[in-house]
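Could you put together the complete structure from these sequences and hints?
Protein sequences, first through last, are from chains A and B.
Going by the working numbering, 151 is the number at position 151 of the first sequence; the sequence numbering is gapless.
Going by the working numbering, 27 is the number at position 27 of the second sequence; the sequence numbering is gapless.
These are computed hints drawn from the structure, not numbers from a lab.
In this text, all values refer to a predicted model and were calculated from it rather than measured experimentally.
Using N, Cα and C, we set each Cβ at its ideal position, and we do this for glycine too.
You may find that some hints are simply not true.
What the hints assert, rightly or not - Just so you have them, the derived chain A footprint on chain B, three or more residues with Cβ under 8 Å:
#1 40-48
#2 127-140
#3 145-153
Unchecked claim - What follows is a set of in silico ranges between Cβ atoms, one per label pair, in the way DEER data are often shown:
#4 A:Gly-148 <-> B:Thr-106: 22 to 32 Å
#5 B:Thr-106 <-> A:Gly-171: 25 to 35 Å
#6 A:Gln-101 <-> B:Asp-130: 24 to 34 Å
As the list claims (entries may be wrong) - With the Cβ distance kept under 8 Å, some of the chain B side facing chain A (calculated, not the full set):
#7 Ser-2
#8 Cys-18
#9 Leu-29
#10 Leu-35
#11 Leu-81
#12 Ala-84
2 protein chains.
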Amino acid sequence: MSASDAVDTASQEWAASCPRLDVSPSEVLARIQRLGHLIDEAQNRRLRRRPGMLVSNLGDFDVLRALRRVGPPYALTPGRLRQAMLVSGAGLSGRLKRLEQEGWITRTTSPEDGRSTIVRLTPEAVADLDRDLENHFAFESDLLRSLGADERGRIADGLRTLLLDLEARLG
Amino acid sequence: MSASDAVDTASQEWAASCPRLDVSPSEVLARIQRLGHLIDEAQNRRLRRRPGMLVSNLGDFDVLRALRRVGPPYALTPGRLRQAMLVSGAGLSGRLKRLEQEGWITRTTSPEDGRSTIVRLTPEAVADLDRDLENHFAFESDLLRSLGADERGRIADGLRTLLLDLEARLG
DNA sequence: CCCAATTGCTTCGTTCGCGAACTATCTATA
DNA sequence: TATAGATAGTTCGCGAACGAAGCAATTGGG
Numbered sequence: 001m002s003a004s005d006a007v008d009t010a011s012q013e014w015a016a017s018c019p020r021l022d023v024s025p026s027e028v029l030a031r032i033q034r035l036g037h038l039i040d041e042a043q044n045r046r047l048r049r050r051p052g053m054l055v056s057n058l059g060d061f062d063v064l065r066a067l068r069r070v071g072p073p074y075a076l077t078p079g080r081l082r083q084a085m086l087v088s089g090a091g092l093s094g095r096l097k098r099l100e101q102e103g104w105i106t107r108t109t110s111p112e113d114g115r116s117t118i119v120r121l122t123p124e125a126v127a128d129l130d131r132d133l134e135n136h137f138a139f140e141s142d143l144l145r146s147l148g149a150d151e152r153g154r155i156a157d158g159l160r161t162l163l164l165d166l167e168a169r170l171g
Numbered sequence: 001m002s003a004s005d006a007v008d009t010a011s012q013e014w015a016a017s018c019p020r021l022d023v024s025p026s027e028v029l030a031r032i033q034r035l036g037h038l039i040d041e042a043q044n045r046r047l048r049r050r051p052g053m054l055v056s057n058l059g060d061f062d063v064l065r066a067l068r069r070v071g072p073p074y075a076l077t078p079g080r081l082r083q084a085m086l087v088s089g090a091g092l093s094g095r096l097k098r099l100e101q102e103g104w105i106t107r108t109t110s111p112e113d114g115r116s117t118i119v120r121l122t123p124e125a126v127a128d129l130d131r132d133l134e135n136h137f138a139f140e141s142d143l144l145r146s147l148g149a150d151e152r153g154r155i156a157d158g159l160r161t162l163l164l165d166l167e168a169r170l171g
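Printed below as a string of structure tokens:
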């Protein structure tokens with residue numbers, strides 16, 4: 001018998017005040033939303049308490065990560081970046097502006113298509129990232145310490161199904 | 001064999017460019033974050049395209065929902081509201097200000113404790129909500145249509161474990 | 001060829017949320 | 001009591017993201 005979380009409590013309240021309503025979808029959706037919020041917050045806090053290193057903000061960090069993981073020459077267009085990270089064009093532009101000002105990326109117009117720009121990590125950004133990535137994933141791993149490997153697998157599989165569907169319908 | 005989502009793609013890229021890094025926690029965390037974003041967006045869009053009815057914003061809607069589900073007299077203190085919904089004090093104050101201006105809630109100082117205020121739904125808010133709640137949960141149900149009942153249960157159970165742990169450690 | 005439609009990205013104006021500082025009320029201790 | 005500290009909410013200033021509009025560069029149909 002596992003304990004009740006905030007979502008269970010809410011479900012019980014709905015059952016008492018609106019018994020004819022089927023609130024079961026929230027058992028999944030509300031938990032995802034709450035967890036998303038908590039995880040974002042936790043990662044933002046980790047970045048904010050870093051003394052002067054890299055960015056102080058999860059959105060900006062996501063841009064750097066996406067550029068890092070494609071490998072040398074650590075370059076993508078804003079369009080490719082957007083696909084990778086679920087942000088509006090305006091939002092991405094703002095991130096790139098900050099990152100450029102701080103010296104973590106450069107922007108050059110593409111030689112093949114004058115509308116497009118090439119965003120590229122600077123060597124300092126690559127170095128700083130490589131120094132931090134291990135901590136980053138260790139931090140993530142710690143967030144999941146309440147789940148066993150099998151349970152993680154089951155959750156990941158279920159969420160993949162849902163994500164594939166929602167990305168197709170909403171993204 | 002299920003298809004690859006954005007998170008699988010990212011994992012493969014990491015494996016290619018940083019094979020020594022264990023990125024497996026992102027299999028769960030990144031999916032939760034992406035899904036959280038997509039679900040928030042979808043619900044915000046649903047509210048925004050409503051013609052003049054209720055609020056146009058998920059945060060404000062959450063406040064109304066929390067007040068509705070506790071049943072008559074549909075009243076809570078800001079402190080109780082905060083526990084229910086994962087928002088800063090300042091953020092909640094802003095929501096309450098908007099809702100009060102729009103006539104969906106009233107605020108009165110508590111008779112027992114002069115520091116505390118009682119937030120209460122107006123009758124119009126209750127009526128409007130009751131007209132909309134069925135649509136709301138139908139919309140949520142549709143978001144989950146790619147998952148069978150058993151799969152939803154498994155995901156919900158796993159996420160409950162994680163949520164209980166993270167709420168205790170971070171909330 | 002030409003010009004309209006499309007594409008890729010940025011700018012602008014606004015909204016929403018956060019952390020820190022503040023106000024007002026209540027509580028506990030000497 | 002008096003007063004220091006805790007507690008409940010709000011205000012203030014700022015940062016980040018969004019939608020819509022704007023600006024180039026490119027593409028395609030006549």
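Hint numbers the structure violates, sorted upward?
Hint check: 4, 5, 6 and 11 fail, others pass.
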